[in-house]
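Engineer: FYI, full-length UniProt numbering numbers position 10 of the sequence shown as 10, with every residue one higher than the one before it.
Keep in mind that the hints were calculated from the coordinates and are not lab data.
Accuracy of the hints is not assured; some may be wrong.
In silico BS3-like links for lysine-lysine, alpha-carbon gap of 27 Å or less [unchecked claim]:
1. Lys-16 <-> Lys-66
2. Lys-84 <-> Lys-32
3. Lys-88 <-> Lys-69
4. Lys-30 <-> Lys-69
5. Lys-88 <-> Lys-30
6. Lys-16 <-> Lys-69
7. Lys-30 <-> Lys-16
8. Lys-69 <-> Lys-84
9. Lys-16 <-> Lys-84
10. Lys-66 <-> Lys-32
11. Lys-32 <-> Lys-69
12. Lys-88 <-> Lys-32
13. Lys-66 <-> Lys-30
14. Lys-30 <-> Lys-84
15. Lys-16 <-> Lys-32
Source: prediction; values computed, not measured.
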Amino acid sequence: MEPAELRWSSTGGMQKISLLNQSNERQAIKVKCSDNTVYRVNPVYAIVEPGQTLNVDVMRQNGSNKVDKIVFVTTRAGLEENPKNLFKPGTQSSMMVLPLLATNAAASNNQPAALTAAI
1 MEPAELRWSS TGGMQKISLL NQSNERQAIK VKCSDNTVYR VNPVYAIVEP GQTLNVDVMR
61 QNGSNKVDKI VFVTTRAGLE ENPKNLFKPG TQSSMMVLPL LATNAAASNN QPAALTAAI
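Working from the sequences, and respecting the hints, build out all of it.
Structural biologist: Pasting the structure below:
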């Protein structure tokens, strides 16, 4: 995953993450966050076709300086059309963790980020 973290000003902002499906199978994605009162993500669930890219918007509200994380959970989608149905307990999945760092200093990437990760 490049970059390995997202940096924010404590006043918040919007950044974009691109997830590229490099596999030959449809992949379902679930996005989880350690603090849903400060961060909003869209979409939370999605299916990404082989070779396609999913853009995830991450918005941070004004809040205290702290370290949080976003977790991208992925699993094979098969023929399922509703990705939420694929994340039941016991489902085999993979995870990618992205640290979210907020500081008083203005974030160097206060502009929308172009973080890209392969799934």
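Engineer: All hints, please: hold or fail.
Structural biologist: Results of checking the hints against the structure:
1. Straight-line distance between C-alpha atoms of Lys-16 and Lys-66 comes to about 20 Å, which keeps the hinted pair within the 27 Å bound.
2. As the CA atoms of Lys-84 and Lys-32 are separated by approximately 13 Å, the hinted pair is consistent with the 27 Å bound.
3. For the hint linking Lys-88 to Lys-69, the alpha-carbon distance of about 22 Å falls within 27 Å, and the restraint holds.
4. With a C-alpha separation of about 14 Å, the suggested pair Lys-30 and Lys-69 falls inside the 27 Å cut-off, and the hint holds.
5. For the suggested pair Lys-88 and Lys-30, the alpha carbons sit about 11 Å apart, so the restraint of at most 27 Å is met.
6. For the proposed pair Lys-16 and Lys-69, the alpha carbon gap of about 15 Å is at most 27 Å, so the pair holds.
7. In summary, the hint linking Lys-30 to Lys-16 is supported, as the alpha carbons are separated by about 16 Å, within the 27 Å threshold.
8. Restraint check for Lys-69 and Lys-84: satisfied, since their Cα atoms lie roughly 21 Å apart, inside the 27 Å limit.
9. Proposed proximity of Lys-16 and Lys-84 is supported: the alpha carbons are some 22 Å apart, at most 27 Å.
10. A C-alpha spacing of about 17 Å is found between Lys-66 and Lys-32, which places the hinted pair at or below 27 Å, so the restraint holds.
11. Under the criterion of a C-alpha separation no larger than 27 Å, the hint pairing Lys-32 with Lys-69 is consistent with the structure, at around 8 Å.
12. Between Lys-88 and Lys-32, the direct Cα distance comes to roughly 14 Å. Compliance with the 27 Å bound is thereby established for this hinted pair.
13. For the proposed pair Lys-66 and Lys-30, the alpha carbon gap of about 23 Å is at most 27 Å, so the pair holds.
14. At roughly 8 Å between alpha-carbon atoms, Lys-30 and Lys-84 fall within 27 Å of each other, so this suggested pair holds.
15. Under the criterion of a C-alpha separation no larger than 27 Å, the hint pairing Lys-16 with Lys-32 is consistent with the structure, at around 15 Å.
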